[in-house]
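Chains as they are written, first to last, in this note's numbering: chain A, 1 to 375; chain B, 1001 to 1114.
Treat the hints as calculated values from the structure; they're not laboratory data.
Watch out, some of these pointers could steer you wrong.
[Said to hold, decoys possible] Going by beta-carbon spacing under 10 angstroms, a handful of chain B positions derived as facing chain A:
1. Thr1026
2. Phe1053
3. Asp1081
4. Met1087
5. Ile1095
6. Val1101
[To be verified] Computed footprint of chain A on chain B; a stretch qualifies when at least three of its residues, placed anywhere within it, have a C-beta under 8 angstroms from a C-beta of chain A:
7. 1057-1064
8. 1088-1094
Note that CB positions come from ideal geometry on N, CA and C, so glycine has one too.
Each chain, written out:
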Amino acid sequence: MSDDPGTRTVIARPEGLGAPSAAPDDRAHYLVVIEGAEPGRRIELGGGPLVIGRSEPAGIVIADALVSRNHCRVELTMGELVVNDLGSSNGTFVAGRRISGHALVAPGERITIGTHVFEHDWRSRKEVHALRALDTDLEKAKRYVRSLLPDPLEEGPVRTDWVLQPCAKLGGDAFGYHFIDERTFAIYLLDVTGHGTDAAMHAVSVMNVLRQRSLPGVDSRDPARMASHLSQMFQMDNHGGMLLSLWYGVCDLGSRTLAFTSAGHHAGYLVGPGRDGATPLDVSNVLIGMMPDYPYRSGRAELAPGSSLFLFSDGAFEIEPANGRPWDLEAFVGLLTEPRDAGKTESQRVLDAVTARTGHRTFEDDFTLVVATFA
Amino acid sequence: MSISYVDVGDQLRRIEITGRLDVEGTNSVASQLVELTQAPKKGVVVDLSSLKFLASIGIRALITAAKAVKERGGKMVLVVDDGSTVMMSIKATGIDKLVPVFDDSDDAERAAAA
């Protein structure tokens, strides 16, 4: 440190949503479902007290086994949102603290009951209209991304299954796989930084390049070349500051080798037939779009018969658990080697396990997991 | 989530970001980060040692700032605790190949002022 401490200036200490910009007189109070059965659902308040509960006659009915029949009551009193716990079994939490009796809920604060999380949103009706239009755009983008995703492969030398659970804001995850020729199988997963329609549409543009089996001037069998090519095509300065992480692998089924690169992406994991460990497959590179001339490198691995490759986005392990139990990459990777479940695909088994361990049914970021198993 | 700064002499600005650089956190500090790094100080130290979480959106904000500093002929460096989850994100995304990263804040200041 220098001897001169200078003047410390705190510029911002924003909490929650911050102030919406429209005229205050047109503002209404809303509860927005952040997590739960219907993320994005928006309920306008002000028409008298509303009971939240598991079944009618509650005004807001939510299907959640941890919610009591009459769980809590929300109402506006003198322009403030007040929540009253009605003696629920599992409690009502405001900003993470269990309340007894009633509590004020400031704009931007969250109410948690069971596995459901509501946010108090205070904004103009005009903005809400605009948000609804945006939601429609998001829906379109979500469908567009979906339409590009390949079907699971249920037979042949490579079998695949996957889950992609988009978050309410749409996180910019996408993935794909295809045979380049009879014995060469390409598989990839990408994650565009940021959320929303822009991130999703950027993911679509990159996918449209990756999905082509042949690219002029690029050998799609060479992961490092592929990453360099994409990075030159999608430099952030020419693409609205967008960056993305990519894991790209090419499996030679004849020689049973996997060539791969990770570009600013965490490792993919290879689990052998004995399920006695998960080997991380990553190479130290940079995000696609960050540096135009970065010399991407690739790595190699052997593909034993019966081994499985797990590719996933950071939304799978960057989760803040609802139950306070720690959750991180290591915990997630630990699930990969757990026994198979005959009634489920591998990706579904892992997703269910993450849900059970973290206490979340919906996530703040896209949750994508692709599993490829080699005969 | 907060962002604050101290100017050390004419040549150096220290910016500290605390809390979580996730989607919400980044939205609230990204424009301030760009503004602060644009001040005509040659060296910019961005101290992330009290940051708890760095999502990819936060990485993007840091990269954008670092590029802008470089463009005006300045130098931006990061202070990150070795072994922290923030350091894991920095290494996974490769931002350390664009922006020098230091564990020690004195080293960071020297590098930024050099």
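Comparing the hints with the structure gives:
1. Look at B:Thr1026: its Cβ gets to within about 9 angstroms of chain A, closer than 10 angstroms, so that hint holds up.
2. The beta carbon of B:Phe1053 comes within 8 angstroms of a beta carbon in chain A, closer than 10 angstroms, and the hint placing it at the interface holds.
3. Hint status for B:Asp1081: violated, given a least beta-carbon distance of 16 angstroms to chain A, over 10 angstroms.
4. Taking 10 angstroms as the C-beta contact cut-off toward chain A, the hint placing B:Met1087 at the interface is violated, the least distance being around 13 angstroms.
5. Contact between B:Ile1095 and chain A, as hinted, is supported at the beta carbon level, the nearest pair being about 7 angstroms apart and thus within 10 angstroms.
6. Taken as an interface hint, B:Val1101 does not check out: its beta carbon lies about 13 angstroms from the nearest beta carbon of chain A, beyond 10 angstroms.
7. A stretch counts as covered by a chain when three or more of its residues have a beta carbon under 8 angstroms from one of that chain; for the segment 1057-1064 of chain B and chain A the count is 5, and the coverage holds.
8. Counting residues of the segment 1088-1094 of chain B whose C-beta lies closer than 8 angstroms to any C-beta of chain A gives 5; at least three are required, and the coverage claim holds.
Hints 3, 4 and 6 from the earlier list are contradicted by this structure; the remaining hints agree with it.
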